[in-house]
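Those protein sequence lines, which keep their order, are chains D and V.
Residue numbering for the first sequence is 16 to 278, as defined by our numbering.
Residue numbering for the second sequence is 639 to 924, as defined by our numbering.
No wet-lab data here; the hints were simulated from the structure.
Among the hints, erroneous ones may be present.
FRET-style restraints, in silico, Cβ to Cβ [said to hold, decoys possible]:
1. D:P144 to V:D894: 32 to 42 Å
2. D:P144 to V:Q841: 12 to 22 Å
3. V:M717 to D:P221: 42 to 52 Å
4. D:Q125 to V:F839: 42 to 52 Å
5. D:S165 to V:M717: 20 to 30 Å
6. V:L912 to D:P221: 56 to 66 Å
Even for Gly, the Cβ is constructed at its ideal location relative to N, Cα and C.
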Amino acid sequence: MNLAANNDAVVSPPLIELSGVSIAAAQEPGVALVEQVNWRLRAGEYWAVGGLQWSGKSDWLTTVAGLQQPSAGVHFLFGQETATLPQPELVAARLRVGLVFENGGRLFTQMTVEENVALPLRYHRNCSPEEAREAVAGLLELTGLTAFASQVTGQLNRSWRQRVALARALVLQPEVLLLDNPLTGLDPRQMRWWLDTLDALNAGHPSLAHRPLALVATTDDLRPWQARARQFALLQGRRWVPLGDRAGLAASGETALHEFLAV
Amino acid sequence: MEKESAPPIKLPLLQGVLAVPLPQSYLNFVGRQIFHFLQTIQGVGSFALITLGVTLTKFNVAWRVTHPLIRAQVDRAGMRLLPGIAFFGLVLGLVIVGQTVSLLQKVGAEQYAGTVMVTVLIRELGPLATALVVLARVGTAIVIELGLSRAQGEVEALEALGIDPVHYLVMPRVIGLAAAIFSLTVYLILVAVFSGYLFVFLQDVPLLPGDYFGQIASALAWEDFVLLGLKTATFGAIIATVTCYQGLAQRLRLEDVSEATTRAVAQSVAGCVLADALFILVYLLR
Chain D
16 MNLAANNDAV VSPPLIELSG VSIAAAQEPG VALVEQVNWR LRAGEYWAVG
66 GLQWSGKSDW LTTVAGLQQP SAGVHFLFGQ ETATLPQPEL VAARLRVGLV
116 FENGGRLFTQ MTVEENVALP LRYHRNCSPE EAREAVAGLL ELTGLTAFAS
166 QVTGQLNRSW RQRVALARAL VLQPEVLLLD NPLTGLDPRQ MRWWLDTLDA
216 LNAGHPSLAH RPLALVATTD DLRPWQARAR QFALLQGRRW VPLGDRAGLA
266 ASGETALHEF LAV
Chain V
639 MEKESAPPIK LPLLQGVLAV PLPQSYLNFV GRQIFHFLQT IQGVGSFALI
689 TLGVTLTKFN VAWRVTHPLI RAQVDRAGMR LLPGIAFFGL VLGLVIVGQT
739 VSLLQKVGAE QYAGTVMVTV LIRELGPLAT ALVVLARVGT AIVIELGLSR
789 AQGEVEALEA LGIDPVHYLV MPRVIGLAAA IFSLTVYLIL VAVFSGYLFV
839 FLQDVPLLPG DYFGQIASAL AWEDFVLLGL KTATFGAIIA TVTCYQGLAQ
889 RLRLEDVSEA TTRAVAQSVA GCVLADALFI LVYLLR
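Excised from the complex, chain D in its bound form (with noise of 0.2 Å):
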């Protein structure tokens, strides 16, 4: 059963790929922070991409994401090229990706919680606030913010904007997750909840009608992800090191792992 599904998973097609990809920093486009990646991302996986900090972790994201182009390399989204994609079709390719930004998501502060988990449906589906509510309903629960519904975000600490951050990347109900360093500065608990709620999303959430979500995490710090994630990889001095599965990492001689996994 097992080995079928494995399969299956080997015969998908990607659902994001990049090739020969060589990522500039978004602020110095000059200065060239990854090069040469090859990477396929298919439907059910769930990554975890260590780097240490300035290792170009947010803009391999950002371009995974298709809103930064690399400097090299061709980007796909959904089999598509996305460097010569009209951009209305590339709007929507994007829309099926969900990002969490870092360091408390980006929000719009002046919003409440409720008001930024509705705006993408809102503005892609033209629908009022209350023909939005039952959707931001269900993941404002998954999320644990009901009770923060009509509080603006800008009065939320970290953790929680972090997880407003979550319901509003999945609102659109996205095939892929991309999740900039979301455990970073969390409590243990908090940490849990985020690991815990990542798990259900992959396996298949209600909210998400019950359909595998493609998860692709990075961090600083691969210790949480080791039991939770299933492929892993890193940035490390401008190149893409992939370490494979957990076997794969338990087994890994990347002299740079012992750093991430180092007490």
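Given chain D's structure and the hints, the job is docking chain V onto it.
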């Protein structure tokens, strides 16, 4: 015998100035300023064209989200400024209109009162003064709020959610400010005209209300209404475009926001004055 020294050669003034080599640093400074000016023109121009394109093609896209934003901008730049504009109109009427009419009466040129009022107040002072009030009260706030949004990464978040920042942030401000400046100008003119007559009345100038308002009405042509609408909408569009451009065009650090605000005010004033000069040409040519 003492040899006579040759008289010094006198160059014409301009030639003399040009003959003196300018310091390299000064030339560099002037060159940089010209280059920067051209860059700004290009940047604001491109931004204005993008905004126009988005407004024309996406006005009704996601209207349940964007139209309330337009109404919010009209409320913010129009309704909330109404008391201030009414006070400004009152002062303008007392100080300028009343005194002008009173003076014209003294020199026996009261038949020109209407023409002077229409030219000064309706064509020139009303629209420009309103635009400057809106720029000071709302334009500066736009630069700050959009600059902070950009600095906090909210614009990137909009893009990640597939929301066009020009459609969501700029279009409502452009339309809102254009509508607000038009409406406020009409109120300013009405209040100034009435308070002007109040001054005339208090000064015991022998001018009947019918004559006063009749002179103004007869000096007005239908083009004045059309051009007033066009001019005020243009001022609103200029102020909104320039302030949004300065807030959004580049990722500002918090310490850059004040400088961007100053730049936006200077460029908006320059833009409005230039547009005003173009409208004067239209008035002169008709």
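Now the hints, each set against the structure:
A C-beta distance of roughly 35 Å is found between D:P144 and V:D894, which places it inside the suggested range of 32 to 42 Å. At about 56 Å, the beta-carbon gap between D:P144 and V:Q841 misses the expected band of 12 to 22 Å. Remark: the range hint 42 to 52 Å for V:M717 to D:P221 is upheld by a beta-carbon distance near 45 Å. Between D:Q125 and V:F839 the beta carbon distance is about 48 Å. The supplied range of 42 to 52 Å therefore holds.
Remark: the range hint 20 to 30 Å for D:S165 to V:M717 is upheld by a beta-carbon distance near 25 Å. As the Cβ distance of V:L912 to D:P221 is approximately 60 Å, the hint placing it in 56 to 66 Å holds.
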